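**Student:** Residue numbers (our numbering), protein chains in the order written: chain A, 258 to 665; chain B, 34 to 509.
No lab work stands behind these hints: they were computed from the structure. This structure is a prediction, so every number in the text was calculated from the model and none was measured. Everything hinted at is true.
Below, in silico cross-link-like pairs of lysine-lysine (DSSO-like), each with a Cα-Cα straight-line distance of 30 angstroms or less:
#1 A:K626 with A:K657
#2 A:K595 with A:K626
#3 B:K104 with A:K575
#4 B:K359 with B:K129
#5 A:K448 with A:K476
#6 A:K305 with B:K359
Estimated spans, in silico, between C-beta atoms of each pair:
#7 A:S382 with B:A66: 49 to 55 angstroms
#8 A:Y665 with B:G477: 56 to 62 angstroms
#9 A:K595 with B:S80: 57 to 63 angstroms
We put the beta carbon where it would ideally sit given N, CA and C, even for glycine.
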Amino acid sequence: MTAAASADYALQHLIDPEVCIRCNTCESTCPIGAVTHDARNYVVDFTKCNACNACIPPCPTGAIDHWQTVRKSAAYTLDEQFGWDSLPAPIEVQVADAAGIPEEVRRLTEAATAGQAGSAVAPWSAATPCINLYAPSRPAIARVTGNYRLTADDASADIRHIVLDFGSTAFPVLEGQSIGIVPPGRDGSGKPHYVRLYSVASPRDGERPGYNNVALTVKRVRSDHEGRAVAGVASNYLCDLGIGDEVRVVGPYGSVYLMPDHPGSSLMMICTGTGSAPMRAMTERRRRRRAASEGGELLLFFGARVERELPYFGPLMKLPGEFIDINFAFSRVRDRPKTYVQDRIRERGDTVARLLADDDCYIYVCGVKGMETGVIDAFRDVCRGRGLDWDAMQPALLAKGRLHIETY
Amino acid sequence: MQTTTNYADRIPNNVNLSQDRALARALERWQPAFLDWWREMGPEAASGFDVYLRTAVSVEPQGWAQFGYVKMPDYRWGIFLAPVAGAATINFGEHKGEPVWQDVPGEHRANLRRIVVTQGDTEPASVEQQRHLGLTCPSLYDLRNLYQVNVEEGRHLWAMVYLLHRYFGRDGREEAEALLTRRSGDADNPRILGAFNERTPDWLSLFMFTYFTDRDGKFQLAALAESGFEPLARTTKFMLTEEAHHMFVGESGVARAIQRTCEVMNELGSDDPAKVRAAGAVDLPTIQRYLNFHYSVTIDLFGADQSSNAATFYTAGLKGRFDEMKRDDDHRLHDRSYPVLAAADGRLADHDVPMLNALNEVLRDDFICDSVAGVGRWNRVVEKAGLPFRLTVPHKAFHRKIGSLAQLRVSPDGRVLSESEWDANVDNWLPSDGDRAFVASLMGRVVEPGRFAGWIAPPAIGINRQPANFEYVRFG
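Turn these sequences into a full structure, and let the hints steer you where they fit.
**Tutor:** As structure tokens, this is what we get:
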């Protein structure tokens with residue numbers, strides 16, 4: 258079992274003894290006898306539970322739906338759980354070794370966030386991220402459960418939606434975080450390949466709700482920044498994966514580029530190409546919570562060369578206007594003027610200015626390096642025309658965790 | 034009124050309703066009467082509300098908790114039998130080891146009908162008892178929970194009526210009609226069991242009722258889930274899953290009231306009941322008196338401490354014990370005895386009696402064990418708040434109206450009292466008119482999403498993980 262051997266951490270299914278009413282429903286529902294009880298508590302046997310979730314819907318209290326990241330070697334025993342009056346605090350892996358983040362990951366992150374001109378902080382209401390649970394020396398092993406092309410067959414860009422399932426290995430991620438892929442084999446000089454970072458495109462509860470999986474948005478790289486033909490090692494490796502293939506994954510990384518969780522918070526999202534991955538994750542998170550009527554707006558600016566090359570175009574078009582305000586910008590449509598996201602931002606100046614001034618709105622930019630200057634200039638113009646001063650505003654946005662830029 | 038019904042859609046079921054024309058015809062006649070009863074005696078003034086309810090649409094884990102907004106008269110009352118599990122033989126009594134019955138054996142027909150009717154009668158009764166509570170709900174969350182309990186009691190009535198219609202012929206149909214004509218608390222045509230004719234006048238009473246009295250339901254259903262009559266066993270087994278929600282409403286409701294009271298006590302720095310009341314919370318001694326009342330009324334529901342009927346039901350294989358198969362004995366019980374607390378010469382003493390005659394007492398003691406554990410969890414809320422008060426369950430002989438203990442006056446700590454001692458203290462032990470009037474005075478209606486009345490704390494977790502300010506009920 259590669260997955261078991263590779264992973265130090267697992268998700269352990271626990272029952273909250275403070276909320277549980279000992280009604281026996283979970284025990285009678287469990288098809289494999291993984292739930293048991295004594296006079297005090299109902300508990301789940303870590304060595305038996307296969308996370309089939311059959312016990313979750315019938316539980317009248319919600320006490321059953323607790324999962325904690327634990328070291329596999331130190332999962333809570335039945336006796337420990339029998340003794341609890343309340344759930345224990347999550348173990349310290351939560352904000353593990355920020356210091357131990359691989360140098361190459363740190364370098365990539367610094368380069369990606371250079372455009373925000375200062376260091377940002379996470380939104381105050383963001384969930385606490387797990388960081389760096391898996392290092393290149395002991396990666397988590399995921400299995401590919403989906404790999405399909407997002408862009409039209411005749412589009413020049415091959416952008417793919419890849420789903421990785423972690424099985425019983427804990428790999429908690431938040432929207433906006435990245436995971437690292439370690440391509441197998443060695444480079445030309447005989448060294449292991451560098452880690453490549455990919456922003457997750459799925460929300461925290463999985464690409465499929467309740468599943469321990471993540472989605473990535475990967476563009477097959479065929480040329481470098483100067484346009485020379487180069488086959489990207491990691492992207493081609495990922496794009497060519499088949500269902501069932503194993504992938505070595507490290508991370509998760511990122512403790513700042515996170516979404517706010519408080520009701521009434523709004524998101525302004527500006528992206529191009531595969532920069533749409535975190536926007537999809539955040540949008541999907543909000544979509545799944547729509548029934549909760551938590552309020553807040555979603556404003557999206559999304560640029561691509563042509564419609565056919567815009568990942569997630571179809572699903573985006575199905576989202577209702579009252580949920581998300583979508584503004585596409587296409588730069589290579591025949592007989593039409595070239596339009597970039599910054600043009601759309603200027604067109605929507607009133608809305609953009611209102612949201613920039615709204616302390617509950619958080620701004621996310623992700624895409625190619627070249628978009629940064631254009632977007633910032635557009636913000637500056639929008640502000641100037643409405644009595645606001647972007648350059649005075651920007652440091653405050655960073656300090657409040659309201660501005661997040663990642664470009665590559 | 035519609036006369037034909039698309040049963041697969043209107044009545045989710047796994048009893049092949051669409052193929053059973055006789056049954057379908059019987060239910061077609063009964064359903065309009067049920068809806069009339071629901072309109073007349075169901076939740077007051079609630080028919081236009083959209084309520085975020087859980088509906089069971091199949092017996093699979095994923096099918097049985099479908100959440101969505103439903104107008105209550107449109108709630109899809111389904112008929113479900115738990116899937117068959119294990120070897121289909123009778124587990125206890127004289128027929129132990131024989132195949133379970135798919136039909137009612139002629140010699141047990143009257144007793145089985147009586148069991149089904151007695152169980153069935155409690156379901157509409159509790160809806161009637163609770164019908165005014167929506168007008169004084171402490172939050173939308175609680176209002177939704179009340180309605181969930183109400184529609185599931187309605188479904189339990191359907192479950193029992195299904196058995197009456199399907200297996201008991203004309204007698205069954207007449208009994209099914211009578212279930213809709215008796216009324217809780219009615220002097221001329223009351224519900225069968227005492228506790229179901231008591232009023233549920235306020236939300237503290239509702240929480241105590243759902244904690245204690247619905248727990249009686251759990252133990253009765255669990256005993257019937259052992260029945261040799263398989264349709265009854267499978268029906269009650271499925272009902273148990275819903276009964277758990279009702280006990281959750283009670284356990285968490287009382288816990289939240291206690292939590293709020295403790296917060297107020299700590300803010301005031303005082304345990305003076307008058308001060309706690311003045312600050313708008315229910316003082317802990319009053320909560321104790323409510324507990325005493327509901328506990329004692331509920332343990333009466335298990336019946337007389339010695340009962341030849343109970344022996345007959347067991348020996349005939351109609352009604353087992355709680356967790357019958359987890360008990361390590363011969364499951365026939367001829368040679369076994371059981372200690373029963375009884376009054377003799379004005380004193381309390383245990384007497385060993387044949388276990389078969391004491392099966393009501395066995396079930397009552399199982400219930401007591403289970404109840405005490407939950408009261409312990411309430412005490413942890415008090416303990417966590419750093420306060421010394423502890424709730425207790427009263428003595429088994431306290432305030433009994435049924436069985437030999439009914440002859441005595443007994444204090445909550447088990448002392449036999451004279452009538453005058455009882456009279457002098459009863460207001461310390463059971464809710465007085467003043468207590469009930471005070472609790473009633475707190476029952477203001479709170480329906481703003483996310484807000485809770487001042488006497489109760491918000492829940493730790495929302496229904497189906499919804500956030501605290503979720504709009505559980507939308508008023509039409």
